[in-house]
Amino acid sequence: MKKILIVDDEPNIVMTLEYTFKKNNFEVFIARDGQEALDILKNQLPDIIILDVMMPMVDGFATLEQIKKDKRLNHCKVIFLSAKNKEKDIEKGLALGANLYVVKPFSIKKLVEQVNELIQ
Amino acid sequence: MSSIGLLAILGIYLSILFYIAYWAEKRSHSKWTNNPYIYTFSLAVYCTAWTYYGSIGVAANSGLSYLPIYLGPVLIVPTWMIILKKIIRISRVNKISSIADFISLRYGNSRFLGALVTMICVFGIVPYISLQLKSISDTFHIVTKTQSSSNIFTDTTTYVCLVLALFASYYGTRYVDASEKRRGIVTAVAIESILKLVFFIIIGIYVTYFVYDGFGDIYTKAAVLENFDKKNSVGDVTSGINWFFLCVLSMFAIFLLPRQFHTAIVENNKEAHIKTAIWLFPLYLLLFNIFVFPIAWGGNILFEGKGHNSDTYSLLIPQFFDNNFLTVLVFLGGFSAAISMIIVSSIALATMLSNNLLIPYGFIGSLENTSQEKNSKRIVISRKIGIFSLIILAYAIYRIFILDYSLVSIGLVSFVVIAQLAPAFFGALFWRRGSNLGAIIGMIIGFLICFYTLLLPYAIGITNSSNTFVQEGPWGIELLKPFQLFGLNYLDPIPHAVFWSLFFNVICYMAISVSFKGNYRERNYAEMFVDIDKYITNHEDAFVWKGTAYISDIKKVLERFLGEERTRRALTIFNLKYNIDKKITTADARFIKFAENLLTGHIGTASAKILISSVIKEDKISLTEVLRILEESKENIIVNKKLTETSNELQKISEQLKNANQELVNKDIQKDEFLDTVTHELRTPITAIRAASEILHDDDDIPEEVRKQFLQNIISESDRLNRLIDKILDLEKFETGKQKIYLSRNNISRTIKKTLESLNQLIKNKKITLEFDDVNKEIKAFYDEERIVQVMHNLLSNAIKFCSETDGKISIQIIENIDNVEVRIHNNGKGIMKEDFEAIFDKFYQSRNQNVKKPIGSGLGLAICKQIIEHHKGTIWAEDNVTDGATFIFTLPNYNTTEK
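Respectively, the protein sequence lines represent chains Z and Y.
Using this note's numbering, read the first sequence as starting at 1 and increasing by one per residue.
Using this note's numbering, read the second sequence as starting at 1001 and increasing by one per residue.
Warning: the hint list may mix true and false statements.
[Unchecked claim] Result set (DSS-like, lysine-lysine): computed pairs, CA atoms no more than 25 angstroms apart in a straight line: (1) Y/Lys1642 / Y/Lys1534; (2) Y/Lys1221 / Z/Lys23; (3) Y/Lys1582 / Y/Lys1270; (4) Z/Lys2 / Z/Lys109; (5) Z/Lys109 / Y/Lys1642; (6) Z/Lys86 / Z/Lys71; (7) Z/Lys110 / Y/Lys1708; (8) Y/Lys1780 / Y/Lys1767; (9) Z/Lys92 / Z/Lys68; (10) Z/Lys86 / Y/Lys1667; (11) Y/Lys1738 / Y/Lys1753; (12) Y/Lys1306 / Y/Lys1221; (13) Z/Lys3 / Z/Lys23; (14) Z/Lys42 / Z/Lys71; (15) Y/Lys1086 / Y/Lys1577; (16) Z/Lys69 / Z/Lys42; (17) Y/Lys1671 / Z/Lys92; (18) Y/Lys1642 / Y/Lys1658; (19) Z/Lys86 / Y/Lys1671; (20) Y/Lys1708 / Z/Lys22; (21) Y/Lys1582 / Y/Lys1556; (22) Y/Lys1306 / Y/Lys1181; (23) Y/Lys1577 / Z/Lys88; (24) Y/Lys1577 / Y/Lys1652; (25) Y/Lys1667 / Z/Lys88.
Simulated from the structure, these hints should not be mistaken for laboratory data.
Everything numeric in this text was worked out from a predicted model, so none of it was measured.
Make the full structure from the sequences, and use the hints.
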């Protein structure tokens, strides 16, 4: 069973993601900001992380920087999920080492496909 | 009196003068040396030994003829306010140090013209200096009752001249920059002017009241002498014309004599000094002339027919009565008059010789590549040698040629020669068309005629050869007789020469100037000279120049003459004056003119131009282009003047503009940020709605419970979207001023109560304790109730939201101040960081920076509150109590204030 970590501060969005990935046989972990995510990652090694950018405390970019420092998480794929859709934001996200940058609003069906593709 | 005794007295007298010069030099800025009286008395260098002794001689021999020499200046002096001021201004801005510089600069900075003026001055003035030496020598021998020795080495006066020459060359060249002021010399000259006048008046009083019984007595006794009436009336038209020409001649002389140019213009410290000179100088001349007549006729009564030189009556009379003291006093007065003239003239001539002849024609090559100290030393030494040799040359001329001529005749010849500068000089001030070629040809022709009609006959007269040349004309041609040229036979030799030389001089000057256009540089300087008042503050602007030049090249040239320190200072001043960036490497016209000016004082205008030209590359400009540029720069200067006048205001405005611009930029950035945030805030609920809808649409086996939750989410996110849009529109209305505030009298506690009603459920749900003591107090203020409800709702919602979870407490206080009502809302939840006090009122601040879990809010609430309160002319702020929750306070102008 693949593990997925969803990091977003919008509970209603998280709710839909949690439902969808559970249904697709993922073990789902949820964090409401970057700090919470890093705390979870101390104990868990998910296969994929879905990361919002604009969050309180530690934002998505900073979180990914931390993740990249952790060698245990080398195999871990990262998808940014953000309402920030400017070119420079997307470039920055990818440059930090994210595998994918998905702009909000997004299609859940397509996101699941993309996640599966990444994992295989 | 013995020679030794007189020499001793002279020695003491000279040392006192030395000391005065030395003292004044040290106090060059004190008011003792720098005042209008010193200036005016220094102008009296005009009155030389020729005045002191010679006018008595003329009065004794030919009556009133001595007067025009003083009448001319007295007549022209009132125009000084305009003309002299103009000359002073031109000279000051261009750093002009001599009349040769002045004339040659006007005619396109012409090297040849400068040299020509110098030559004419040397020709005119050196014999004049000889004349002064002659007077010293003659009077010395009279006082000591010795005969002048034909061997110059045994003649004591030779040594007197030598000492004089050394004194002049030492004190005349203290500065390399010839346009610098020499306070020492000027003060000494002014003192001498006072002394010679006082001594002359003393001898005048002595003769009038002690030798005779007043003016009346002299008149009665003299009236019986031969020719008395004829000498003392103006007589017929012919002598009237003679008089007229002599007046004109002396009018010119007061401007053109190098010593007058030097004292009146180069040494002028303040234009305002002219005001004093205008009345004091004519008064001085008048005082000098009061006793000429009594002394002359007193002398005639005593000595008529005894073969004495009437020039020396003022010495002979006291001597006749054995009054040694007065004799020496008069001698010292004459000596003062002579040495003032000698020193000032020789300084002026030496400056011209070095700056307009020696340096530009030859010397300049050797100055180009040596160090500043060496250059300065060379220039100074060349001037010292110049002064010394001029005086010695004058002495030689005196010994060889004019031992026997009367003082006045040589003096007038000198005036006529100098008068040849007049057309070009006065043309320079008032006539734009005057050209270099016209000035040169005019001057040469004038000088040649002068030479033919005066110098040549006098020279022949001196050598005592046959006088047929004068009597019958060359080769017997009557029309060419030097004293009656072209048959003009009713003028005396001097007026005759004045008439013809100036006649042809002016004709040539004007005709050539009109027929042949000068080059653009002449026209450029013509504009600058004629319109000096327009260019006085920014004259560099008026200089037209095109081409390529580098500041570094020019700087190197400047450093060779001014030294590094002074060059650097000058450049800083220039950059400040024209607000030029230090980093600019290319020189413009203004800089080139500025650099030329800096050098002009040291080496003269012509050499300055040559040196600067050697390091720059000039492009040709056509005359029409120059006129166009000048027209533009004139306009620029007018604009500049206005700009300077309102410069403070402008600076203020530009400051405001800068601020406004910065504000605009900030606003723009804020707007972008705002849009960014708004889109983010709008997308977030849409994302949630979309995701939930998609699942509901695709997933048929969704559990009922989840389906309901998702539908609920869709509803709440839609509400959120709607609220957000409402608030954005609200805020936009306030910010653009479209939102109207409807003010009316209201009771603030009632309004708060009303707001609390809609929030009661929330407060109860969170089990928050509410403290509101003033609930029934009537506190009236003037406001739009609906809007203040909005503010209160917002602040209270926040308070509820941030209240501590367990033991929530909110307190509301209303405080009545003198001019406002203050409402304080406090909650005991998490405090606000001090650095956030202002920022929390910014749009979307919370969603970006709040370190708590995201509460449901738009991030616009406080921004809207701020707008509302500010529209009521109140203030809203947060207060510092981090340990103990957060307090928001707003004020509203109270009832009384608003009523007013």
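So, going through the hints one by one against the coordinates:
no. : hint                  : result
1   : Y/Lys1642 / Y/Lys1534 : 12 angstroms, holds
2   : Y/Lys1221 / Z/Lys23   : 150 angstroms, violated
3   : Y/Lys1582 / Y/Lys1270 : 32 angstroms, violated
4   : Z/Lys2 / Z/Lys109     : 18 angstroms, holds
5   : Z/Lys109 / Y/Lys1642  : 74 angstroms, violated
6   : Z/Lys86 / Z/Lys71     : 30 angstroms, violated
7   : Z/Lys110 / Y/Lys1708  : 24 angstroms, holds
8   : Y/Lys1780 / Y/Lys1767 : 31 angstroms, violated
9   : Z/Lys92 / Z/Lys68     : 14 angstroms, holds
10  : Z/Lys86 / Y/Lys1667   : 20 angstroms, holds
11  : Y/Lys1738 / Y/Lys1753 : 29 angstroms, violated
12  : Y/Lys1306 / Y/Lys1221 : 17 angstroms, holds
13  : Z/Lys3 / Z/Lys23      : 13 angstroms, holds
14  : Z/Lys42 / Z/Lys71     : 12 angstroms, holds
15  : Y/Lys1086 / Y/Lys1577 : 23 angstroms, holds
16  : Z/Lys69 / Z/Lys42     : 13 angstroms, holds
17  : Y/Lys1671 / Z/Lys92   : 23 angstroms, holds
18  : Y/Lys1642 / Y/Lys1658 : 22 angstroms, holds
19  : Z/Lys86 / Y/Lys1671   : 16 angstroms, holds
20  : Y/Lys1708 / Z/Lys22   : 18 angstroms, holds
21  : Y/Lys1582 / Y/Lys1556 : 16 angstroms, holds
22  : Y/Lys1306 / Y/Lys1181 : 49 angstroms, violated
23  : Y/Lys1577 / Z/Lys88   : 48 angstroms, violated
24  : Y/Lys1577 / Y/Lys1652 : 19 angstroms, holds
25  : Y/Lys1667 / Z/Lys88   : 22 angstroms, holds
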